[in-house]
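*Asks:* These protein sequence lines map, in sequence, to chains A and B.
Okay, so the first sequence: first residue is 316 according to our numbering, each after it adds one.
Okay, so the second sequence: first residue is 316 according to our numbering, each after it adds one.
A few of these clues could be false.
Pairs count within a copy or across copies, as identical chains cannot be separated in the list.
Stated by the list, open to error - When the alpha-carbon atoms are kept at most 35 Å apart in a straight line, the in silico DSBU-like pairs for lysine-lysine are as follows:
| id | residue 1 | residue 2 |
| --- | --- | --- |
| 1 | Lys454 | Lys431 |
| 2 | Lys459 | Lys431 |
| 3 | Lys373 | Lys431 |
Because the hints were derived from the structure by calculation, they are not lab data.
Just so it is clear, the structure is predicted and the values come from calculations on it, not from any experiment.
Number of protein chains: 2
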Amino acid sequence: MRKNLAAAGASLLMGATVAHAQGIQIAPAGMTPTILGAAQNFNGHVAVDIKAAGDSGKHGSVGMVDFAPGARTAWHTHPVGQLLVVTSGNGWVQEEGRLRREIRVGDVVWIEAGVKHWHGAARTNGMRHLAIAYVQDGKSADWKELVSDEQYNAR
Amino acid sequence: MRKNLAAAGASLLMGATVAHAQGIQIAPAGMTPTILGAAQNFNGHVAVDIKAAGDSGKHGSVGMVDFAPGARTAWHTHPVGQLLVVTSGNGWVQEEGRLRREIRVGDVVWIEAGVKHWHGAARTNGMRHLAIAYVQDGKSADWKELVSDEQYNAR
Numbered sequence: 316m317r318k319n320l321a322a323a324g325a326s327l328l329m330g331a332t333v334a335h336a337q338g339i340q341i342a343p344a345g346m347t348p349t350i351l352g353a354a355q356n357f358n359g360h361v362a363v364d365i366k367a368a369g370d371s372g373k374h375g376s377v378g379m380v381d382f383a384p385g386a387r388t389a390w391h392t393h394p395v396g397q398l399l400v401v402t403s404g405n406g407w408v409q410e411e412g413r414l415r416r417e418i419r420v421g422d423v424v425w426i427e428a429g430v431k432h433w434h435g436a437a438r439t440n441g442m443r444h445l446a447i448a449y450v451q452d453g454k455s456a457d458w459k460e461l462v463s464d465e466q467y468n469a470r
Numbered sequence: 316m317r318k319n320l321a322a323a324g325a326s327l328l329m330g331a332t333v334a335h336a337q338g339i340q341i342a343p344a345g346m347t348p349t350i351l352g353a354a355q356n357f358n359g360h361v362a363v364d365i366k367a368a369g370d371s372g373k374h375g376s377v378g379m380v381d382f383a384p385g386a387r388t389a390w391h392t393h394p395v396g397q398l399l400v401v402t403s404g405n406g407w408v409q410e411e412g413r414l415r416r417e418i419r420v421g422d423v424v425w426i427e428a429g430v431k432h433w434h435g436a437a438r439t440n441g442m443r444h445l446a447i448a449y450v451q452d453g454k455s456a457d458w459k460e461l462v463s464d465e466q467y468n469a470r
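For reference, chain A alone in the conformation it holds in the complex:
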């Protein structure tokens, strides 16, 4: 009887926990450390502030990315695609086999699934963009080789 009551109590508590589980998670400002772009995936100084709460990262990888002048991603592709919202400065985006294109504050850029490309700051100006990469099978990017100085400086 004591055992049954205890079991009933436990199950009530579990029910209560589920009923009161938070459906909204808040990650307060300044609690997530800035990440520096890893040398195998970036040239130059790149700082990334991940924007995530709860299990939001299951659906999209979201981050504010700050590129110093001359800094850029390596070549890469995305399994679903990536949206960039340029929030300051100006920079470049290039699809393999095409000319690089200038992007500036306020521009929105959509990179389709599977398109090999890089993005980063212009040579003389920094750039900051929000990046939203949609996730498929737990993955939001496939990284390739670094963008050489020759590739970066070509028009």
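Guided by the hints, dock chain B onto chain A, whose structure is given.
*Replies:* Leaving out everything else, chain B in the frame of chain A:
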């Protein structure tokens, strides 16, 4: 013969078009008009700048949303979930059946799939947030009734 050459030419041109199709689309700053929040889905003055390019909207509905003091969404749910990144001011978010919670610049909020909620500015301060709602079957939100003044002013 002339017909065959014309057909070959057309097919070459089509091939060229496909080979050169842009895999990166850029929506330049200031080309997308601001939308005012519709009266059936919002109380008060709400301005939305959609951030989209190419067919990015198939995967996520992304927008910068500016709420005047007292302005708020109606109650609603999301089929996949929504990430909010507060970029200025402070406001409130509330899940049905729970107390409202304060959110401020820099906070990141994740609203899980199916959770009935609203978000908006505080009574005396405006709020601006980036909102990313993931899309399922062409849908990113299910709208319900407006948040009454009594609900908004309750703690």
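*Asks:* What are the numbers of the hints that this structure violates, sorted from low to high?
*Replies:* No hint contradicted; all consistent.
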